[in-house]
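Participant: Single-letter residue listing:
Protein chains: 4
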Amino acid sequence: MSDADTTVETLRESTRAFVAEREWEKYHTPKNLAMSLAIEAAELMEHFQWLEPAESHATANVPATKAAIADELADVLCYALSLANVLQIDVSNAVLGKLEKNALKYPAERFRGRYRAD
Amino acid sequence: MSDADTTVETLRESTRAFVAEREWEKYHTPKNLAMSLAIEAAELMEHFQWLEPAESHATANVPATKAAIADELADVLCYALSLANVLQIDVSNAVLGKLEKNALKYPAERFRGRYRAD
Amino acid sequence: MSDADTTVETLRESTRAFVAEREWEKYHTPKNLAMSLAIEAAELMEHFQWLEPAESHATANVPATKAAIADELADVLCYALSLANVLQIDVSNAVLGKLEKNALKYPAERFRGRYRAD
Amino acid sequence: MSDADTTVETLRESTRAFVAEREWEKYHTPKNLAMSLAIEAAELMEHFQWLEPAESHATANVPATKAAIADELADVLCYALSLANVLQIDVSNAVLGKLEKNALKYPAERFRGRYRAD
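Chains as they are written, first to last, in my numbering: chain A, 3 to 120; chain B, 3 to 120; chain C, 3 to 120; chain D, 3 to 120.
It should be emphasised that the hints constitute simulated quantities derived from the structure, not laboratory data.
Keep in mind that the hints are not guaranteed to be accurate.
Each pair may be met inside one copy or between any two copies, as identical chains are not told apart.
Claimed, not checked - Pairs of lysine to aspartate or glutamate, EDC-like flavour, derived with a Cα cap of 16 Å:
hint, residue 1, residue 2
1, 68, 45
2, 107, 23
3, 28, 102
4, 100, 73
5, 68, 57
6, 103, 11
7, 68, 102
8, 68, 15
9, 68, 48
10, 28, 73
Could you put the whole structure together from the sequences, leaning on the hints where they help?
Facilitator: Printed below as a string of structure tokens:
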């Protein structure tokens with residue numbers, strides 16, 4: 003399985019099944035899931051804590067580090083998908099809709115190569 | 003488009019195109035993306051800051067709040083997908099692989115209804 | 003030593019000396035310190051991840067847990083003080099000034115017992 | 003008032019009074035305070051999101067930015083002190099004790115100029 007042939011629903015469903023098999027739904031309040039997501043995001047960030055940004059590419063590509071980062075990224079995504087499950091948010095709609103909004107907020111011609119307009 | 007018929011690659015590709023059109027790749031170091039992800043995760047968490055966990059279901063289902071939460075969740079996911087793009091991490095493999103690891107770490111029969119084993 | 007007879011400057015100076023003895027000033031950019039503070043804040047939060055808020059009082063008062071929490075809180079404060087050192091921010095002024103601003107933003111009579119005004 | 007002549011207890015007491023005047027103690031569970039601390043830490047981090055670490059010194063010293071950062075740092079500290087108030091943790095003991103532990107963990111001679119030993 004790879005991103006090219008896996009739907010978002012497949013990942014959501016796998017996450018939902020994992021939670022259901024353990025009867026963990028009671029812990030999965032939106033508040034707790036948002037906290038958990040933030041905790042995992044911080045663990046991901048820890049890999050880059052003292053690096054120069056440019057350096058962070060090289061470090062992240064060391065195989066053992068890359069595997070650890072992929073693992074942390076998976077934790078982030080599992081909680082994000084669990085939150086989507088609990089709140090019945092369609093992730094694809096949310097992401098594509100946000101990119102459209104951001105395209106209006108950051109018109110390519112004004113923001114090309116910079117994140118602040120003059 | 004909905005999660006049922008959208009592949010993860012489609013979302014990755016939309017995110018990649020958004021970044022490329024603005025030539026923002028230079029800002030998208032792994033370090034900066036991990037920071038951005040953590041910042042967005044905190045903004046998501048802010049919606050639940052003072053709520054009781056149980057209360058957080060009801061609040062999150064108020065339509066205007068739910069739309070705001072979906073927007074923040076989209077921000078989290080856009081940065082997560084951008085990090086996957088930059089590091090060439092297959093998200094589906096990472097998530098499904100992590101669920102398998104977690105299934106061994108938290109056997110359903112020992113952790114049913116609780117997040118700590120006795 | 004205790005909070006009653008320790009000035010903020012004493013804590014700042016101890017933190018500064020620790021960093022100087024290791025010649026770690028080069029790592030202590032404002033960006034890295036802000037990241038580190040956020041990472042430690044998440045580690046602190048982890049102690050309360052799955053608890054009901056009310057429950058979190060009892061748990062936090064289990065002696066071993068309380069000691070671990072005090073340790074994480076110290077990490078948060080060391081990075082906060084290091085950031086104040088690097089940016090030459092007077093912490094006492096900042097805190098007391100912010101409380102004054104917040105007193106205007108949240109007048110006691112309108113916000114008594116609630117965090118949102120009607 | 004400045005850090006040189008302000009005790010930690012003075013700041014704790016000011017924070018405690020602010021909370022008591024609004025009868026906000028009921029919101030100040032350890033879980034909620036830890037979340038709030040993490041949210042404010044992320045807002046502080048946002049000032050440095052896209053900067054090179056070295057650049058972050060210059061940016062943080064632009065007066066308007068520095069004032070905004072001091073404000074965010076104050077928010078972080080108010081929640082840290084509130085958590086210490088709620089859990090009756092002596093902050094000075096915690097910080098000085100942690101520096102002693104870290105001095106053993108990171109002996110100056112082995113970690114001088116680097117954050118990892120060989």
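Participant: For each hint, tell me whether it holds in the structure or not.
Facilitator: Do the hints match the structure? See the list:
Within a single copy, residue 68 and residue 45 get their C-alpha atoms as close as 14 Å, which meets the 16 Å cut-off; across copies the closest is 22 Å, which misses it. Taking the shortest Cα distances, residue 107 and residue 23 sit within 16 Å of each other only across copies (14 Å), while inside one copy they are farther apart (43 Å). When the C-alpha separation of residue 28 and residue 102 is checked against a cutoff of 16 Å, the pair qualifies neither within a copy, at 35 Å, nor between copies, at 22 Å. Proximity of residue 100 to residue 73 under the C-alpha cut-off of 16 Å is restricted to the inter-copy arrangement: shortest distance 6 Å between copies versus 26 Å within a copy.
In this homomeric assembly, residue 68 and residue 57 come within 16 Å of each other (Cα to Cα) only inside a single copy, at 14 Å, whereas the closest approach across copies is 27 Å. In the homo-oligomer, the alpha carbons of residue 103 and residue 11 never lie at most 16 Å apart, since the shortest distance is 23 Å inside one protomer and 20 Å across protomers. In this assembly of identical chains, residue 68 and residue 102 lie within 16 Å of each other by CA distance neither inside one copy nor across copies; the values are 31 Å within and 18 Å between. In the homo-oligomer, the alpha carbons of residue 68 and residue 15 never lie at most 16 Å apart, since the shortest distance is 26 Å inside one protomer and 21 Å across protomers.
When the C-alpha separation of residue 68 and residue 48 is checked against a cutoff of 16 Å, the pair qualifies only within one copy, where the shortest distance is 13 Å, while the shortest distance between copies is 24 Å. Proximity of residue 28 and residue 73 under a CA criterion of 16 Å is satisfied in neither setting, with 25 Å inside one chain copy and 25 Å between copies.
Violated hints, in rising order: 3, 6, 7, 8 and 10; the structure is consistent with all others.
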